[in-house]
Amino acid sequence: NAGVTQTPKFRVLKTGQSMTLLCAQDMNHEYMYWYRQDPGMGLRLIHYSVGEGTTAKGEVPDGYNVSRLKKQNFLLGLESAAPSQTSVYFCASSPTGAYGYTFGSGTRLTVV
Amino acid sequence: GQQVMQIPQYQHVQEGEDFTTYCNSSTTLSNIQWYKQRPGGHPVFLIQLVKSGEVKKQKRLTFQFGEAKKNSSLHITATQTTDVGTYFCAEIYNFNKFYFGSGTKLNVKP
Chain A
-12 NAGVTQTPKF RVLKTGQSMT LLCAQDMNHE YMYWYRQDPG MGLRLIHYSV GEGTTAKGEV
48 PDGYNVSRLK KQNFLLGLES AAPSQTSVYF CASSPTGAYG YTFGSGTRLT VV
Chain B
5 GQQVMQIPQY QHVQEGEDFT TYCNSSTTLS NIQWYKQRPG GHPVFLIQLV KSGEVKKQKR
65 LTFQFGEAKK NSSLHITATQ TTDVGTYFCA EIYNFNKFYF GSGTKLNVKP
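As given, the protein sequences belong to chains A and B, one line each in that order.
If you're matching positions, the first sequence starts at -12 in my numbering and goes up one per residue.
If you're matching positions, the second sequence starts at 5 in my numbering and goes up one per residue.
Hints are computed from structural coordinates only; laboratory data are not their basis.
Hints are supplied without guarantee of correctness; some may be wrong.
Claimed, not checked - Derived DSS-like pairs (lysine-lysine); straight-line CA-CA distance at most 27 Å: (1) B:Lys113 / B:Lys73; (2) A:Lys44 / B:Lys40; (3) A:Lys44 / A:Lys58; (4) B:Lys63 / B:Lys74; (5) A:Lys1 / A:Lys58; (6) B:Lys73 / B:Lys63; (7) A:Lys(-4) / B:Lys73; (8) B:Lys74 / B:Lys109; (9) B:Lys74 / A:Lys(-4); (10) A:Lys44 / B:Lys74; (11) B:Lys61 / B:Lys40; (12) B:Lys74 / B:Lys61.
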């Protein structure tokens, strides 16, 4: 019973490099979310998806892209990483948009 | 966007003391959720409040939703070192996503 799995757990990127963060859930949840967490800023919503094949922008979408080709997977892409994207990234899923989220363990990303 | 404010930002207590964190909004909330995040961990869903004036308890934790549905509180009775972490409230937005408060970081001194 894995719940929400995020890979990788840690990553260091150089400015301008690209990468993809993977989120996988095995709970058959429709809704999936990407948040970033910075000190003193709480959790801020980057992008979200209300079902397979759909994505939408959250509070801070600039510099990120997402895809939800399969219901169980939600990918977060950084096309050209910037130091301002240094953060801890959390993926979450929910059976409906109004129910409690299950979070993954996070990806700690450092952009140098 | 995010309209929920959380206070205090930090709270240091002696083990056995009580602790309360507050979540305030300028608008009426349809519902509110509370999460706990241990140091180095991920947020864990605690509870959801929906009804005006609702009070829910989980062992030493008491959650309240204000009568006007503009504020909420989490109260911990007789804190323990296992209560250490950051407590977040989250408000629903557009019926399908939540925005989180900035959190209250609780430190419990043994």
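How the hints compare with the structure:
no. : hint                : verdict
1   : B:Lys113 / B:Lys73  : 33 Å, violated
2   : A:Lys44 / B:Lys40   : 25 Å, holds
3   : A:Lys44 / A:Lys58   : 18 Å, holds
4   : B:Lys63 / B:Lys74   : 25 Å, holds
5   : A:Lys1 / A:Lys58    : 31 Å, violated
6   : B:Lys73 / B:Lys63   : 24 Å, holds
7   : A:Lys(-4) / B:Lys73 : 38 Å, violated
8   : B:Lys74 / B:Lys109  : 22 Å, holds
9   : B:Lys74 / A:Lys(-4) : 37 Å, violated
10  : A:Lys44 / B:Lys74   : 26 Å, holds
11  : B:Lys61 / B:Lys40   : 15 Å, holds
12  : B:Lys74 / B:Lys61   : 20 Å, holds
When held up to the earlier numbered hints, the structure conflicts with 1, 5, 7, 9 and fits the remainder.
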